[in-house]
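Sequences listed follow chains D and U, in order.
If you read the first sequence in this note's numbering, its first letter stands for residue 1, the second for the next number, and so on.
If you read the second sequence in this note's numbering, its first letter stands for residue 1, the second for the next number, and so on.
Quick caveat, the hints were computed from the structure, so don't treat them as lab data.
Take these hints with a grain of salt, some might be off.
Simulated coverage check for chain D against chain U, where a stretch passes if three residues somewhere in it have a Cβ under 8 Å from a Cβ of chain U [said to hold, decoys possible]: (1) 19-28; (2) 31-44; (3) 61-71.
Quick list of in silico lysine to any residue cross-link-like pairs, SDA-like style, CA-CA up to 20 Å [to be verified]: (4) U:Lys409 / D:Arg116; (5) D:Lys99 / U:Arg460; (6) D:Lys99 / U:Met449; (7) D:Lys99 / U:Arg448.
Cβ pair distances, simulated, as ranges [stated by the list, open to error]: (8) U:Asp286 / D:Asn27: 55 to 61 Å; (9) U:Val106 / D:Gly45: 55 to 61 Å; (10) D:Thr39 / U:Ala130: 46 to 52 Å; (11) U:Ala130 / D:Asn27: 36 to 42 Å; (12) U:Glu277 / D:Gly45: 23 to 29 Å; (13) D:Gly40 / U:Arg460: 21 to 27 Å; (14) U:Ala252 / D:Thr39: 34 to 40 Å; (15) U:Ser313 / D:Pro48: 23 to 29 Å.
Because the structure is a prediction, the values reported are computed rather than measured.
The beta-carbon is built from N, C-alpha and C at its ideal position, and this holds for glycine as well.
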Amino acid sequence: MTPPRRREQGLVRAYVVTDGRAHPTRNTLDIVSLVNAVTGRPMAGLTPERRAVMELCRGGALSVAEVAGYLALPLSVTKVLISDLIDSGHIIARAAIPKAQLPDVQLLQEVLNGLRARL
Amino acid sequence: MTSHISGVVFWPVAVVAVVALVMWVRQAAAAARLGKRLATAEQEVRSREADIRVREAELAHLVDVRLPAVELGGRRPQQGLRDDRLAGAAYGQRMDQVVNRFVGAVEKARVRADQSAKATLKAAMRSVQALANEQQLSISDMQDRHDSPYVLQDLMEIDHANSQFARRAQAIAVLCGSWPGRQRAASPLIDVLRGAKSRIRDYQRVEIGPGPDIDVISRAVEPVVLAVAELLDNATRHSQPNTSVEVTLRPAHNGTTVVIDDAGVGMDELEVSLAVERLGGGENLDINRLGDPPQFGFAVIGVLAARYGFSVSVDTRSPYGGVRAVLFLPKALLVTAGTAAAPVVARAAHHRAAAQDDLPVRTPAVRAVAAEPAVAAPAAAEPVHERAPGDDEVPQTPITGATVGGLPKRRRREASGEQVAARHARTAEPLPDEDTGPIRTPYETASRMGAFARGTRSGRAESADDEGTTQE
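Please build the complete structure, drawing on both the sequences and the hints.
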């Protein structure tokens, strides 16, 4: 698989993409958070990057890292964009899949201690 | 006797008288001739004197008026001869020759000074431009590397300053006859305008309206960016900080117009005429005549417009009271959108398909997870490797003894050679191209991660156990 040709780099700078904001409106987004487009929202008035995010996510859920990769934008910039789209109701985000429940470390330690005492 | 005596006296006297008369007459004639000659000589002297005075005055006029006018260049109109009587004479022609020689010498000196100034500035700006571009690249790299909003905030400020700095250097280099610098791929017109917006101080006040879906050809991207940036810079600089600058795009029959309206102070007639002169100036521009402090903006736009074939006018008033700048891009500089680069979405779809081809599917349980079933169906593909049934069975490990408590002691299980080989064969079989590429590209990794995420998501949907927290 050949990597796709990158978008013309450095023409539109990051501060124009986010209109000067670096802090996303929510800090719940992770790089593996899944985002999904809400269908039927008006696309008018969206900047080209936001529209591209919408079009990308319309095909199914994507992780934030993937969106950033396809748009060739820095991850932190992508987070700002996606937070805005979540605020405007264009996108729904799901938290990353939680890790499997591991047994309590203390319990394991007790078992180990018990075993050591026995053996 | 008396008569004899009188006769004797009479004749000599008569002769003398006649002689005297004749002499007097001749004398009188000579005197008259001389007087006449004297008069003509005097007249000639007087006319010569007048002539000399005229020439002296003309010389003074040359030194005091005509040559200084030439020295001052175009700021004072060229002076002619003071006295029209000399116009046809050889003297007048000589005077004109002197002035022409002087004009030639001045022009030659000006051109030489201009060229050397331009060459020096161009060389200096080239290194500055290279450094600015280098810095921009490292800023971009840092933005990619760090995932902290605080770092991003700082990087944005540095990036913003660097972009303006690069634009200044670029503008000066262009004025000095250099190329605008970076070669770019054909880009959407809207991105070109936003690129211009990136390079000015008050970029947040610029509002770009929707426009036609067209691309600017590769050759013209950077020049148009630079020209629009100069116009936007003028617009934001000469208007109140709380007003906005509107950019509207209007498709025309043989091109597209970019209209930039500001609500600023506008320009008076003198400024407009100066701006029009600079915009139409073209390549042969004197960088020493840009004023103090030098005003590059319109001159740069004029050079770029002449070189790349677009046109700019600033002589209309905007409906908001400021200046309306109109940049017309002819069809020759535009291409229809899409020919420039494959759209992002198509690439993403391609990757999704490719990622799913890579991954063996355990069950063809296709469930619609989104509105479009065609796209959702492959998204439900399970991205886990197929497992052989034997994998689930825990192989027997040899018991090596018993503990004091009676529990059996087992040795750590070691995979035998054939087990290892079998496992290798199993993993190699369904994924033959896995071994060919030991290093995955980031895109591949990203698409695999996405496939994994989609798989788990569909799995959760199947189990009807809503673990994920939905954000609204």
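How the hints compare with the structure:
Chain U is given as covering the segment 19-28 of chain D, and this holds because 7 residues of the stretch bring a CB closer than 8 Å to a CB of that chain, at least three being needed. Under the rule that three or more residues need a Cβ within less than 8 Å of chain U, the assignment of the segment 31-44 of chain D holds, with 6 such residues. By the rule of at least three residues with a Cβ nearer than 8 Å to a Cβ of chain U, the coverage given for the segment 61-71 of chain D holds, with 8 such residues. For the proposed pair Lys409 (chain U) and Arg116 (chain D), the alpha carbon gap of about 14 Å is at most 20 Å, so the pair holds.
Only pairs whose Cα atoms come within 20 Å are accepted, and Lys99 (chain D) paired with Arg460 (chain U) is accepted, the gap being roughly 13 Å. At roughly 15 Å between alpha-carbon atoms, Lys99 (chain D) and Met449 (chain U) fall within 20 Å of each other, so this suggested pair holds. For the hint pairing Lys99 (chain D) with Arg448 (chain U), the CA-to-CA distance comes to about 18 Å; that is within 20 Å, so the pair holds. A C-beta distance of roughly 56 Å is found between Asp286 (chain U) and Asn27 (chain D), which places it inside the suggested range of 55 to 61 Å.
Range check, Val106 (chain U) to Gly45 (chain D): Cβ separation about 58 Å, and the 55 to 61 Å hint holds. Between Thr39 (chain D) and Ala130 (chain U) the beta carbons are some 48 Å apart, a value that agrees with the proposed interval 46 to 52 Å. Between Ala130 (chain U) and Asn27 (chain D) the beta carbon distance is about 39 Å. The supplied range of 36 to 42 Å therefore holds. Remark: the range hint 23 to 29 Å for Glu277 (chain U) to Gly45 (chain D) is contradicted by a beta-carbon distance near 40 Å.
At about 24 Å, the CB distance of Gly40 (chain D) to Arg460 (chain U) agrees with the hint of 21 to 27 Å. At about 36 Å, the CB distance of Ala252 (chain U) to Thr39 (chain D) agrees with the hint of 34 to 40 Å. Against the hinted window of 23 to 29 Å, the Cβ-Cβ separation of Ser313 (chain U) and Pro48 (chain D) comes to about 28 Å, which satisfies the hint.
Taken one by one, the earlier hints fail for this structure only at number 12.
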